[in-house]
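Residue numbers (our numbering), protein chains in the order written: chain A, 1 to 115; chain B, 1 to 109.
Read the hints as simulated data drawn from the structure, not as lab findings.
Using N, Cα and C, we set each Cβ at its ideal position, and we do this for glycine too.
Treat each hint with caution, since some may be false.
To give a feel for the contact side, a few chain A residues facing chain B, derived at Cβ under 7 Å [claimed, not checked]: (1) P8; (2) F12; (3) P39; (4) I51; (5) F55; (6) L90; (7) E103; (8) P108.
Heads up, simulated PhoX-like pairs for lysine-lysine below, C-alpha to C-alpha not over 20 Å straight-line [unchecked claim]: (9) K57(A) to K14(A); (10) K57(A) to K83(A); (11) K51(B) to K71(A); (12) K71(A) to K57(A); (13) K57(A) to K51(B); (14) K96(B) to K51(B).
One-letter residues, chain by chain:
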Amino acid sequence: DGGITQSPKYLFRKEGQNVTLSCEQNLNHDAMYWYRQDPGQGLRLIYYSQIVNDFQKGDIAEGYSVSREKKESFPLTVTSAQKNPTAFYLCASSLVGAYSYNEQFFGPGTRLTVL
Amino acid sequence: GQQVMQIPQYQHVQEGEDFTTYCNSSTTLSNIQWYKQRPGGHPVFLIQLVKSGEVKKQKRLTFQFGEAKKNSSLHITATQTTDVGTYFCAGSGTYKYIFGTGTRLKVLA
């Protein structure tokens with residue numbers, strides 16, 4: 001059963017704590033992405049990675065960090081430096097082909113609430 | 001930086017009415033994608049447009065890419081309750097996508 005998994009679905013943390021969101025894919029995709037979605041708003045890109053051991057900042061990278069040690073995994077750490085971390089976090093992946101633009105497959109998301 | 005705007009932000013229609021959402025980019029796009037996100041769900045890919053002036057249809061959905069490749073539209077004919085959700089366009093940047101703000105569609109039975 002191929003796809004993208006994110007865990008956990010709901011996550012609660014105290015203010016000031018770092019938290020890591022998991023994202024795993026078995027689609028053999030090279031590219032992976034992290035987005036943040038706030039209520040009633042669009043998707044904003046946090047980080048993306050085109051290949052293992054390489055990643056780039058998106059539009060709102062401050063207060064976040066990522067790693068890409070394996071092709072299948074792209075965990076996102078929300079650090080205490082992120083001023084307003086409560087949001088819905090979506091991970092996505094896509095093939096990197098000749099034109100570099102392919103459909104993105106999204107995971108089910110993690111809803112993070114910081115108390 | 002590159003921006004992608006969508007209008008309207010919200011749309012309520014009676015079941016059976018038509019619906020259109022418009023997407024406008026501040027820069028020329030290589031291609032554009034459309035996604036649908038059901039309430040409480042995650043975005044699901046609908047279609048990709050690549051050529052200037054391209055029109056594609058999926059049953060009751062019609063997608064257009066502008067001649068200048070800076071705008072796009074999604075039109076739904078005779079909406080159904082299953083069409084409820086938020087529709088996003090995503091314009092291609094350099095190795096990344098810029099998502100539009102989304103149009104939230106509600107269909108009243």
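We went through each hint and held it up to the structure:
no.	hint	in the structure
1	P8	violated (15 Å)
2	F12	violated (18 Å)
3	P39	violated (11 Å)
4	I51	violated (10 Å)
5	F55	violated (11 Å)
6	L90	holds (6 Å)
7	E103	holds (4 Å)
8	P108	holds (6 Å)
9	K57(A) to K14(A)	violated (26 Å)
10	K57(A) to K83(A)	holds (17 Å)
11	K51(B) to K71(A)	violated (31 Å)
12	K71(A) to K57(A)	holds (18 Å)
13	K57(A) to K51(B)	violated (29 Å)
14	K96(B) to K51(B)	holds (19 Å)
Against the hints set out earlier in the document, violations occur for numbers 1, 2, 3, 4, 5, 9, 11 and 13.
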